[in-house]
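Quick mapping for you: the protein sequence lines, in order, are chains X and R.
The numbers in the first sequence follow the working numbering, run straight up by one, and end at 528.
The numbers in the second sequence follow the working numbering, run straight up by one, and end at 528.
Please note that a few of the clues may not be correct.
Remember, identical chains collapse to one label, so a pair may be satisfied in a single copy or spanning two.
Said to hold, decoys possible - No farther apart than 25 Å at their CA atoms in a straight line, the calculated lysine-lysine pairs in the DSS-like style are these: (1) LYS527 - LYS306; (2) LYS355 - LYS365; (3) LYS303 - LYS224; (4) LYS91 - LYS123; (5) LYS355 - LYS333; (6) LYS360 - LYS333; (7) LYS365 - LYS262; (8) LYS355 - LYS510; (9) LYS527 - LYS262; (10) LYS306 - LYS262.
What the hints contain is simulated information worked out from the structure, not anything from laboratory work.
Note that the structure is a prediction, hence the values are computed from the model and not measured.
Number of protein chains: 2
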Amino acid sequence: MNRREALKLMASGVAATAVAELPANVSGVERVERWAPYEIRLTGPATGNPFADVVVSAEFTRGARTVKVDGFYDGGGAYRVRWMPDELGEWRWVTRSSTKNLAARSGSFVCVPPQAVVGSAPNRGPVHVTDRFHFRYADGTPYFPFGTTCYAWVFENERLQEATLTNLAWYGFNKVRMCVLPKVFDAGEPERHPFPRSNGKLDFTHFDVEYFRHLERRVADLGTIGVEADVILFHPYGKLWGYDQMPQELNERYVRYVIARLGSLRNVWWSLANEYDLLKGWKTSDWDHLFHVIEQADVSTHLRSVHYSKGMYDYAQPWVTHASLQTYDFDKTAEWKQAWGKPIIFDEVQYEGNLWRRWGNLTGEELTRRFWMAVTAGAYCTHGEVIACKGAKDGLSADGGVLLGESPARIAFLRRLVEETGIGLEQFQDAYYRSAGRPGELYLYYFDFHRPANYAFPLPEGTRFRAELIDPWAMTITPLPGTFSGKSELDLAERPYQVVRFRKV
Amino acid sequence: MNRREALKLMASGVAATAVAELPANVSGVERVERWAPYEIRLTGPATGNPFADVVVSAEFTRGARTVKVDGFYDGGGAYRVRWMPDELGEWRWVTRSSTKNLAARSGSFVCVPPQAVVGSAPNRGPVHVTDRFHFRYADGTPYFPFGTTCYAWVFENERLQEATLTNLAWYGFNKVRMCVLPKVFDAGEPERHPFPRSNGKLDFTHFDVEYFRHLERRVADLGTIGVEADVILFHPYGKLWGYDQMPQELNERYVRYVIARLGSLRNVWWSLANEYDLLKGWKTSDWDHLFHVIEQADVSTHLRSVHYSKGMYDYAQPWVTHASLQTYDFDKTAEWKQAWGKPIIFDEVQYEGNLWRRWGNLTGEELTRRFWMAVTAGAYCTHGEVIACKGAKDGLSADGGVLLGESPARIAFLRRLVEETGIGLEQFQDAYYRSAGRPGELYLYYFDFHRPANYAFPLPEGTRFRAELIDPWAMTITPLPGTFSGKSELDLAERPYQVVRFRKV
Numbered sequence: 024m025n026r027r028e029a030l031k032l033m034a035s036g037v038a039a040t041a042v043a044e045l046p047a048n049v050s051g052v053e054r055v056e057r058w059a060p061y062e063i064r065l066t067g068p069a070t071g072n073p074f075a076d077v078v079v080s081a082e083f084t085r086g087a088r089t090v091k092v093d094g095f096y097d098g099g100g101a102y103r104v105r106w107m108p109d110e111l112g113e114w115r116w117v118t119r120s121s122t123k124n125l126a127a128r129s130g131s132f133v134c135v136p137p138q139a140v141v142g143s144a145p146n147r148g149p150v151h152v153t154d155r156f157h158f159r160y161a162d163g164t165p166y167f168p169f170g171t172t173c174y175a176w177v178f179e180n181e182r183l184q185e186a187t188l189t190n191l192a193w194y195g196f197n198k199v200r201m202c203v204l205p206k207v208f209d210a211g212e213p214e215r216h217p218f219p220r221s222n223g224k225l226d227f228t229h230f231d232v233e234y235f236r237h238l239e240r241r242v243a244d245l246g247t248i249g250v251e252a253d254v255i256l257f258h259p260y261g262k263l264w265g266y267d268q269m270p271q272e273l274n275e276r277y278v279r280y281v282i283a284r285l286g287s288l289r290n291v292w293w294s295l296a297n298e299y300d301l302l303k304g305w306k307t308s309d310w311d312h313l314f315h316v317i318e319q320a321d322v323s324t325h326l327r328s329v330h331y332s333k334g335m336y337d338y339a340q341p342w343v344t345h346a347s348l349q350t351y352d353f354d355k356t357a358e359w360k361q362a363w364g365k366p367i368i369f370d371e372v373q374y375e376g377n378l379w380r381r382w383g384n385l386t387g388e389e390l391t392r393r394f395w396m397a398v399t400a401g402a403y404c405t406h407g408e409v410i411a412c413k414g415a416k417d418g419l420s421a422d423g424g425v426l427l428g429e430s431p432a433r434i435a436f437l438r439r440l441v442e443e444t445g446i447g448l449e450q451f452q453d454a455y456y457r458s459a460g461r462p463g464e465l466y467l468y469y470f471d472f473h474r475p476a477n478y479a480f481p482l483p484e485g486t487r488f489r490a491e492l493i494d495p496w497a498m499t500i501t502p503l504p505g506t507f508s509g510k511s512e513l514d515l516a517e518r519p520y521q522v523v524r525f526r527k528v
Numbered sequence: 024m025n026r027r028e029a030l031k032l033m034a035s036g037v038a039a040t041a042v043a044e045l046p047a048n049v050s051g052v053e054r055v056e057r058w059a060p061y062e063i064r065l066t067g068p069a070t071g072n073p074f075a076d077v078v079v080s081a082e083f084t085r086g087a088r089t090v091k092v093d094g095f096y097d098g099g100g101a102y103r104v105r106w107m108p109d110e111l112g113e114w115r116w117v118t119r120s121s122t123k124n125l126a127a128r129s130g131s132f133v134c135v136p137p138q139a140v141v142g143s144a145p146n147r148g149p150v151h152v153t154d155r156f157h158f159r160y161a162d163g164t165p166y167f168p169f170g171t172t173c174y175a176w177v178f179e180n181e182r183l184q185e186a187t188l189t190n191l192a193w194y195g196f197n198k199v200r201m202c203v204l205p206k207v208f209d210a211g212e213p214e215r216h217p218f219p220r221s222n223g224k225l226d227f228t229h230f231d232v233e234y235f236r237h238l239e240r241r242v243a244d245l246g247t248i249g250v251e252a253d254v255i256l257f258h259p260y261g262k263l264w265g266y267d268q269m270p271q272e273l274n275e276r277y278v279r280y281v282i283a284r285l286g287s288l289r290n291v292w293w294s295l296a297n298e299y300d301l302l303k304g305w306k307t308s309d310w311d312h313l314f315h316v317i318e319q320a321d322v323s324t325h326l327r328s329v330h331y332s333k334g335m336y337d338y339a340q341p342w343v344t345h346a347s348l349q350t351y352d353f354d355k356t357a358e359w360k361q362a363w364g365k366p367i368i369f370d371e372v373q374y375e376g377n378l379w380r381r382w383g384n385l386t387g388e389e390l391t392r393r394f395w396m397a398v399t400a401g402a403y404c405t406h407g408e409v410i411a412c413k414g415a416k417d418g419l420s421a422d423g424g425v426l427l428g429e430s431p432a433r434i435a436f437l438r439r440l441v442e443e444t445g446i447g448l449e450q451f452q453d454a455y456y457r458s459a460g461r462p463g464e465l466y467l468y469y470f471d472f473h474r475p476a477n478y479a480f481p482l483p484e485g486t487r488f489r490a491e492l493i494d495p496w497a498m499t500i501t502p503l504p505g506t507f508s509g510k511s512e513l514d515l516a517e518r519p520y521q522v523v524r525f526r527k528v
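Chain X on its own, in the form it takes in the complex:
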């Protein structure tokens, strides 16, 4: 889906019909891009509480395969069923509901290959796990997450939201951790909540459809610039409004509603919570249950994880697709990969900034180092920045906005290097210094705080390699003359954080 598609889809407030209206071509046969959202529009009852009382779904069928997708109430008597078709060819659908107007509607469309759209990131489908520890788009293109955090960006003012998109595109982050629920932050009371307010209190039995339309647009905006949205469903920062006190029944309904609305957007990931363990009233079985709800409701099987503060969730559970860690203990990566058999994302390794909080005042050098440590451990890493300039709110950018830090450019440089390799890196466990790559083809040495004057690299005999000295801070790549084979001693720069890359000739 490109940005224009998304705007068309999401901005629509007009009365709907029972037939999906876009995208259609002139011949009358409806054509839908693979991995683009398809929407069935229905009209039904507007009285009572349709969010709770009315159930609608659709069955999409192609050959022997049928996919059943739950719809949702969009306010004003409008109902929607959204799905992201994942297989080419003709699909027929029929709606199911105990409500008369919503049942037994039917239609069809043809799912066609994605087409390039100028100004929009290519449609490569959703991101899935590949090779146990890595990721790729559904079309087979490798995906290397280099994320950042914009937790509350959809609650910021419009100018900051646009600035966030501009920054993300400029620096080249390709994943954003963002919250559906508002968090307490400096800007004060958000303009809208996911739930309507009545008498100054949030009504958790209804949803604010305007809020969700805005949220959908912002998630779609991220897709347009090629950024995955790691959508955080719960967090402990909303106690002011009672978000920590929602009954489990309403938590489940909320999760189903978010999935019904956002699940057709291919760039969505589900992060069940941020710092789930700080929600003190919850039991592990509550979290497990909500994972099962996601498994059941999300027919497009987006990536699923949960992020902790101190008490790690059991990432070995089969319903978790990858680990979403808060730690900078990179040396444990191999052990964890062994234990969980899944990709690892260090989703919080502290923030570049100048905040008084321990987690909020890393130098750019240190955050850059942490990215290198994660990546050369065969894992991935997420950026964050909290730079407070006296009198300027803009800088507090873990919620989006303008980035002032020194690490993003260096992280983008690292991303280019990794994408150049085209493969998910694995750490060589027998290497004397930290080294990652692929045996016999690529060796990426990262010296961390070490600064030897020289080192004899144990390259394999019988294969010739070209060598490059890489400075991750200056962002320079200096090729060395000649080729190397077997034990090869090189002089190094005698300063920390040096990198040497060997690539097979």
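Chain X is fixed; fit chain R onto it per the hints.
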């Protein structure tokens, strides 16, 4: 003992008498400084293998107290019994031996308070444990170890040995880890071993007394400049000469011999081994046994520990006086102190240098940081440097010699700060940032890699403190105007490694 005393004592190769000759005063009543070495000189058999066959000891008696000290064979028919008197007043002694000439000799001396000697560090007695986690001299003066490593310095050429002493005095290190046994190093075959060579092989059944006289002189030299000698009895770096294959019986005899020779020098500590766990043939019970040998033979109860590579020794054992760690996992300090109830010295935290080895190429900044981390954890730390300059051997200074690194001056700065406090620091476990000191009197905050723009320090109410901003690298102390009490917010320098000190007015 000052340097001149030591030279007099150790350089003597002349025939001995049965009476201790020094220091004596003109009145004929022998006067010996408390904690200075006293030596009984005896003459006995020179045939056979007196190192193995002849046993001699002396009993020193004052009032109800008797101390039995083993002597040793010094070659050429000379036997010695050395002891460091630790109590003022008159001491009488009598020798015991089954060898006729060595038995039943007797004498006396008066132990007098130490006297200041120009050009020599004051005689404060040996260092012991105080307040569970800290050290002090026997006279009560606090001792804060800021050590370095000069493993093989007594095997270097004379010029380098002198340069080592000059450097140590200049930079202000006050402890040296040094080996009795030679290690394989670049300078090649040592001039002398602790054991004589015959037919190119070492004869572990005899000792080379010239080697030991030299060793004693160098340990005494360290005492003269106020440096404790952490004497390492075994290590795994002598396999070339078969040191790892000595039978346990000869290992024990060697330990007893070293103690008999060096145990009267007050600046001696016993480090049973360096990286003991790399001596693969040895069992834990072998090490335990040698600790018991030291306990029995060393009547002056010098400090005792052992240093590992990866497999930590059980520092909870009652015969270990302090932990001698090889790690830079400073955050575990509190746990270890709790478990062992002893002082902790991080005796190897890697080396400032440019070596290709992982442990040998820290920046000066990083090693300085590790000292601060250790000290603010309420522990102590040991320096080391391995800087190889092309074509210059001098730089490889973990074996002594000229120091080229940037950390020693900063470590000396830290030592001055700690000595200024006059107390062993303890980490405040409830502090948000790393903080050490003494409740209500001294707070030393170390921000490590954090660089907050400001911080509200939670000083106690009702007490006023003066504040200083300290830069551990620039070695500056900047007093802030006024006094502070209760929660006090200060602007900080926004760079890593900043220190703030609060002292009670």
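Now the hints, each set against the structure:
Neither within a single protomer nor between protomers do LYS527 and LYS306 lie at most 25 Å apart by alpha-carbon distance, with minima of 51 Å and 47 Å respectively. For the homomeric pair LYS355 and LYS365, the shortest alpha-carbon distance inside one copy (14 Å) is at most 25 Å, but the shortest distance between copies (29 Å) is not. Taking identical chains as interchangeable, the C-alpha atoms of LYS303 and LYS224 lie at most 25 Å apart only when both belong to the same chain, with a minimum of 22 Å there against 71 Å between chains. In this homomeric assembly, LYS91 and LYS123 come within 25 Å of each other (Cα to Cα) only inside a single copy, at 19 Å, whereas the closest approach across copies is 106 Å.
Taking CA atoms no more than 25 Å apart as the test, LYS355 paired with LYS333 passes in both settings, with 16 Å inside one copy and 17 Å between copies. For a Cα distance limit of 25 Å, the shortest separation of LYS360 from LYS333 qualifies both inside one copy, at 19 Å, and across copies, at 24 Å. When the C-alpha separation of LYS365 and LYS262 is checked against a cutoff of 25 Å, the pair qualifies neither within a copy, at 33 Å, nor between copies, at 45 Å. For a Cα distance limit of 25 Å, the shortest separation of LYS355 from LYS510 qualifies neither inside one copy, at 28 Å, nor across copies, at 38 Å.
In this assembly of identical chains, the alpha carbons of LYS527 and LYS262 never lie at most 25 Å apart, being 55 Å within a copy and 40 Å across copies at closest. When the C-alpha separation of LYS306 and LYS262 is checked against a cutoff of 25 Å, the pair qualifies only within one copy, where the shortest distance is 17 Å, while the shortest distance between copies is 58 Å.
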